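4 protein chains.
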Amino acid sequence: MSQTDTARLLIACDDQPGIVAAVANVLAQHGANIISLDQHSTDAEGGRFFQRTVIHLPGLAASRPALEASIEEVAERFGMEWSLHDTSRRKRVAIFVSKYDHCLMELLWRQQRGQLDVDITMVVSNHPDLAEAVRTFGVPFVHIPGGTGPEAKAAMESRQLELLQGNVDLVVLARYMQILTDDFIERIGAPVINIHHSFLPAFIGANPYARAKERGVKLIGATAHYATADLDEGPIIEQDVTRVTHSESAAELQSRGADVERLVLARAVQWHAEDRVIVHGRSTVIL
Amino acid sequence: MSQTDTARLLIACDDQPGIVAAVANVLAQHGANIISLDQHSTDAEGGRFFQRTVIHLPGLAASRPALEASIEEVAERFGMEWSLHDTSRRKRVAIFVSKYDHCLMELLWRQQRGQLDVDITMVVSNHPDLAEAVRTFGVPFVHIPGGTGPEAKAAMESRQLELLQGNVDLVVLARYMQILTDDFIERIGAPVINIHHSFLPAFIGANPYARAKERGVKLIGATAHYATADLDEGPIIEQDVTRVTHSESAAELQSRGADVERLVLARAVQWHAEDRVIVHGRSTVIL
Amino acid sequence: MSQTDTARLLIACDDQPGIVAAVANVLAQHGANIISLDQHSTDAEGGRFFQRTVIHLPGLAASRPALEASIEEVAERFGMEWSLHDTSRRKRVAIFVSKYDHCLMELLWRQQRGQLDVDITMVVSNHPDLAEAVRTFGVPFVHIPGGTGPEAKAAMESRQLELLQGNVDLVVLARYMQILTDDFIERIGAPVINIHHSFLPAFIGANPYARAKERGVKLIGATAHYATADLDEGPIIEQDVTRVTHSESAAELQSRGADVERLVLARAVQWHAEDRVIVHGRSTVIL
Amino acid sequence: MSQTDTARLLIACDDQPGIVAAVANVLAQHGANIISLDQHSTDAEGGRFFQRTVIHLPGLAASRPALEASIEEVAERFGMEWSLHDTSRRKRVAIFVSKYDHCLMELLWRQQRGQLDVDITMVVSNHPDLAEAVRTFGVPFVHIPGGTGPEAKAAMESRQLELLQGNVDLVVLARYMQILTDDFIERIGAPVINIHHSFLPAFIGANPYARAKERGVKLIGATAHYATADLDEGPIIEQDVTRVTHSESAAELQSRGADVERLVLARAVQWHAEDRVIVHGRSTVIL
Numbered sequence: 001m002s003q004t005d006t007a008r009l010l011i012a013c014d015d016q017p018g019i020v021a022a023v024a025n026v027l028a029q030h031g032a033n034i035i036s037l038d039q040h041s042t043d044a045e046g047g048r049f050f051q052r053t054v055i056h057l058p059g060l061a062a063s064r065p066a067l068e069a070s071i072e073e074v075a076e077r078f079g080m081e082w083s084l085h086d087t088s089r090r091k092r093v094a095i096f097v098s099k100y101d102h103c104l105m106e107l108l109w110r111q112q113r114g115q116l117d118v119d120i121t122m123v124v125s126n127h128p129d130l131a132e133a134v135r136t137f138g139v140p141f142v143h144i145p146g147g148t149g150p151e152a153k154a155a156m157e158s159r160q161l162e163l164l165q166g167n168v169d170l171v172v173l174a175r176y177m178q179i180l181t182d183d184f185i186e187r188i189g190a191p192v193i194n195i196h197h198s199f200l201p202a203f204i205g206a207n208p209y210a211r212a213k214e215r216g217v218k219l220i221g222a223t224a225h226y227a228t229a230d231l232d233e234g235p236i237i238e239q240d241v242t243r244v245t246h247s248e249s250a251a252e253l254q255s256r257g258a259d260v261e262r263l264v265l266a267r268a269v270q271w272h273a274e275d276r277v278i279v280h281g282r283s284t285v286i287l
Numbered sequence: 001m002s003q004t005d006t007a008r009l010l011i012a013c014d015d016q017p018g019i020v021a022a023v024a025n026v027l028a029q030h031g032a033n034i035i036s037l038d039q040h041s042t043d044a045e046g047g048r049f050f051q052r053t054v055i056h057l058p059g060l061a062a063s064r065p066a067l068e069a070s071i072e073e074v075a076e077r078f079g080m081e082w083s084l085h086d087t088s089r090r091k092r093v094a095i096f097v098s099k100y101d102h103c104l105m106e107l108l109w110r111q112q113r114g115q116l117d118v119d120i121t122m123v124v125s126n127h128p129d130l131a132e133a134v135r136t137f138g139v140p141f142v143h144i145p146g147g148t149g150p151e152a153k154a155a156m157e158s159r160q161l162e163l164l165q166g167n168v169d170l171v172v173l174a175r176y177m178q179i180l181t182d183d184f185i186e187r188i189g190a191p192v193i194n195i196h197h198s199f200l201p202a203f204i205g206a207n208p209y210a211r212a213k214e215r216g217v218k219l220i221g222a223t224a225h226y227a228t229a230d231l232d233e234g235p236i237i238e239q240d241v242t243r244v245t246h247s248e249s250a251a252e253l254q255s256r257g258a259d260v261e262r263l264v265l266a267r268a269v270q271w272h273a274e275d276r277v278i279v280h281g282r283s284t285v286i287l
Numbered sequence: 001m002s003q004t005d006t007a008r009l010l011i012a013c014d015d016q017p018g019i020v021a022a023v024a025n026v027l028a029q030h031g032a033n034i035i036s037l038d039q040h041s042t043d044a045e046g047g048r049f050f051q052r053t054v055i056h057l058p059g060l061a062a063s064r065p066a067l068e069a070s071i072e073e074v075a076e077r078f079g080m081e082w083s084l085h086d087t088s089r090r091k092r093v094a095i096f097v098s099k100y101d102h103c104l105m106e107l108l109w110r111q112q113r114g115q116l117d118v119d120i121t122m123v124v125s126n127h128p129d130l131a132e133a134v135r136t137f138g139v140p141f142v143h144i145p146g147g148t149g150p151e152a153k154a155a156m157e158s159r160q161l162e163l164l165q166g167n168v169d170l171v172v173l174a175r176y177m178q179i180l181t182d183d184f185i186e187r188i189g190a191p192v193i194n195i196h197h198s199f200l201p202a203f204i205g206a207n208p209y210a211r212a213k214e215r216g217v218k219l220i221g222a223t224a225h226y227a228t229a230d231l232d233e234g235p236i237i238e239q240d241v242t243r244v245t246h247s248e249s250a251a252e253l254q255s256r257g258a259d260v261e262r263l264v265l266a267r268a269v270q271w272h273a274e275d276r277v278i279v280h281g282r283s284t285v286i287l
Numbered sequence: 001m002s003q004t005d006t007a008r009l010l011i012a013c014d015d016q017p018g019i020v021a022a023v024a025n026v027l028a029q030h031g032a033n034i035i036s037l038d039q040h041s042t043d044a045e046g047g048r049f050f051q052r053t054v055i056h057l058p059g060l061a062a063s064r065p066a067l068e069a070s071i072e073e074v075a076e077r078f079g080m081e082w083s084l085h086d087t088s089r090r091k092r093v094a095i096f097v098s099k100y101d102h103c104l105m106e107l108l109w110r111q112q113r114g115q116l117d118v119d120i121t122m123v124v125s126n127h128p129d130l131a132e133a134v135r136t137f138g139v140p141f142v143h144i145p146g147g148t149g150p151e152a153k154a155a156m157e158s159r160q161l162e163l164l165q166g167n168v169d170l171v172v173l174a175r176y177m178q179i180l181t182d183d184f185i186e187r188i189g190a191p192v193i194n195i196h197h198s199f200l201p202a203f204i205g206a207n208p209y210a211r212a213k214e215r216g217v218k219l220i221g222a223t224a225h226y227a228t229a230d231l232d233e234g235p236i237i238e239q240d241v242t243r244v245t246h247s248e249s250a251a252e253l254q255s256r257g258a259d260v261e262r263l264v265l266a267r268a269v270q271w272h273a274e275d276r277v278i279v280h281g282r283s284t285v286i287l
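Chains as they are written, first to last, in full-length UniProt numbering: chain D, 1 to 287; chain Z, 1 to 287; chain Y, 1 to 287; chain H, 1 to 287.
One copy or any two copies: either way a pair holds, since identical chains are not told apart in the list.
Here are the simulated SDA-like cross-link-like pairs (lysine to any residue), alpha carbons at most 20 Å apart as the crow flies:
id: 1; residue 1: K99; residue 2: T148
id: 2; residue 1: K99; residue 2: W109
id: 3; residue 1: K91; residue 2: F141
id: 4; residue 1: K99; residue 2: Q115
id: 5; residue 1: K99; residue 2: G114
id: 6; residue 1: K99; residue 2: R113
id: 7; residue 1: K99; residue 2: F137
id: 8; residue 1: K91; residue 2: Q270
id: 9; residue 1: K153; residue 2: E186
id: 10; residue 1: K91; residue 2: T6
id: 11; residue 1: K91; residue 2: V139
id: 12; residue 1: K91; residue 2: N167
Hints were generated in silico from the structure; no laboratory data involved. Predicted, not measured: the structure shown is a model, and the values here were computed from it.
Could you put the whole structure together from the sequences, leaning on the hints where they help?
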């Protein structure tokens, strides 16, 4: 399907009668055809309502201001938060990485193959190791070394913020082995997706594969979530697991887990790229 | 959620602008609140459109005739097929079975536990073996023996039709080891769901587990589908698989497969019970 | 395969050269044929060695003392722990249950169908509710009510121990909603398998489905493990998960999870019944 | 674990008493320690016996002739086929590819990361498109164009054979869109692994994703198998599936399936590299 003249309308409000009809009418009045509509109510009564509507509107660019004005009227009536995303405008993504390359390469590769609807505008790393691998894809690689102590960390984050602010719509931590400060996450001005190498909330924190081996679990997994100030506690976007046995060492679990990590992160980034993920408190709604 | 005063509206028509708005308006005019709405278009342009809407309408019984009249007006305008299902009216189900009990018991058991929203009104079998197991659940068991040759078959089907016609909304073949005639399927007056003990279209026909063993497959599966005149060719509702190894015999594959069969069939029947399954040519849309 | 004259030999010792040959020689000298042999070393060097050997020995009962004497010689040489299990002697199992019936029914039902190689000799419950359902299977149901306070608990455990000691080879907690005291677990004289309704170590403790919903996980699971004094910390035998979405309520997660629980518990009990599970510290080796 | 001085012994013979002991004794006599041992009998009685034994033997190179002579004696006694593979000698692999790159890239990438224990010595293609992508990995890319008609085909295969004979231990068809002639497969002198883009035996032949869409299946899959003269009928090494819905187009199924293909093929090649796969008639035993 051509992406021209299509857009995604996301809305969220307290559940109440008449929302679907009101939105559908506004769209119909402006000549927008509904390509798909997904909605979710958190409770049968008294809950929160979410809707994602993909529309096709010939001459979208010209019609957009009038459409937005009409949506705003409905939104005020229902107490709605809303946003309208032109599907032809791909999100600009910065990937943060340290030395592990599997998640990074999966994203670069899928993007190149047309399976990831984003623009990867830069890769930022605290190590120089992956520069060549990244530049092969025609993507800028920026090495911002860390250092020891809070001052070096502050300096590093300050340089990262200069680079990112206003320039990216999404930051992806593709096994970036540094903890971001709360201040950094607040000032970055874009959502941050992290991949954690365990099935959260199992094995929160460091060395999950070693701890999975020690605990003798029969499945290992990975979790993609929005990064928040609370480490490993942000809203979960996607998770998956794979079966393992007693015969696999911690190193083999890590290798097996790497395959889960890259697929889980790729799915999460793609869903975010398609405006399918709505944060609701500590959890997400995927529409 | 209380099921009182809720209903499910299914519609299908050629895709065209304004369907969602038109339906939502009719519902709003009659005071029906949309609890959930799922839709699917087979193509971006020129395809078929399907929608399932769950509504809440206080005083549904009294308001229903007027609502139906309004829906019919919209339906004529858009060339829609539609149906409105009161969620408080559970479907009446007859289960056909031979000697294998695993699928039968799963359905009886889930129904008893409140996990299957149907009324199981009778179990029909060509063997007497499972009579007591069925009657323990308070469900009538009717033994209609088969026989040899087409005349005996016709007599059996004639007795079955007497029992079923007008009395059931769904027939479930829970490993019923007899082939139904086309005539029977046409005259039965209700949809028929069959469980096939393979991942169709692999191993169409008899003895799939023996053939799976012989072929050395690494996964075995089961398929729930609507029965049509073409054996094993009806629209697929649900499928699943489980991993097997070379060390498992054909008998063990059969035992492992039985667990997949009963879960797949239970899901398919539950989805049908919730009016989630719409047949589209040889396939299904699950809303 | 006929189970007559077959046995399972389990051995565990520090890894060292020559174990497999020594054991195979003893077996060959006594005319025992190796039907299957599985082994595992925890490390390439300096680890622990485990082996499960299924043998066929015509006239097993008569030959057993001499065979055991020879095995003991080898065992002393290698510092081996070992046990020899006649496959014709099925383990005697007591199932503990409260009010939830899904895990209990799965075990009773599989046992009846010949898919669980144990004898279920009694079901013990602190509630009378499931008496009839159990007795339908010809299995004794013993109601030992609990009570309030440590004295009532001690009295209940005392009655349970009278019933169990010497009479059972395995106790299965099939969603038994009481915490066992350390003293009880020590004195029971048989291993205890528990089913926990989460993917441990995620959601250790009470109400895992509610907490899974609150945390917004995308998969829910179940864990079968040996019960130890540390609640939910015993060696894991089996785990599995199923995918869920934001649209499912905590009650639906519980219902979905119940299907995982019963399959996971049934697999764990069957593996234990086949002497496949060897405890190694906090984890298990499944041979 | 260091791979030095380790080897894998594969044996196959008619099942009979004493095999395990005889082999273990030979190994013990030569000072070889058994690191792992896996065996499989196709039937409890009268079947075929397979065993894979990983051994550690200090000074393997020097001791090998004597060890082989002793194994040969045992082999003659039991009518065994056997082979002994030095783990330090990695298999030389040629990858055949046309225009799709996903399976090729997965193999190159895993090999580079140390997750695929083979040497990729060349990539052969009937199209020039992927030359640069391959050479980036330091692997030779050989473009052997096809042509129209049987003579061009024979010329192409002749050039391929010149390149391969004596130079490779394994050929991998990584979505190579040409049919190999029986003659070519016979003369190539190395096993050939193919990836088929369906869950065989469902959708044998061309365009499986389009046919899966048309048939409305709920899972799509991929199959890695040894290529034989009968297209898509060779012994299956590995298979997997992924869940799909009615909302995915045939193109999306193809994209989703590509992820399954690359993981299935990578697992199959790795198992072959570790000498885990033994062909038994039309099926395989994975030890």
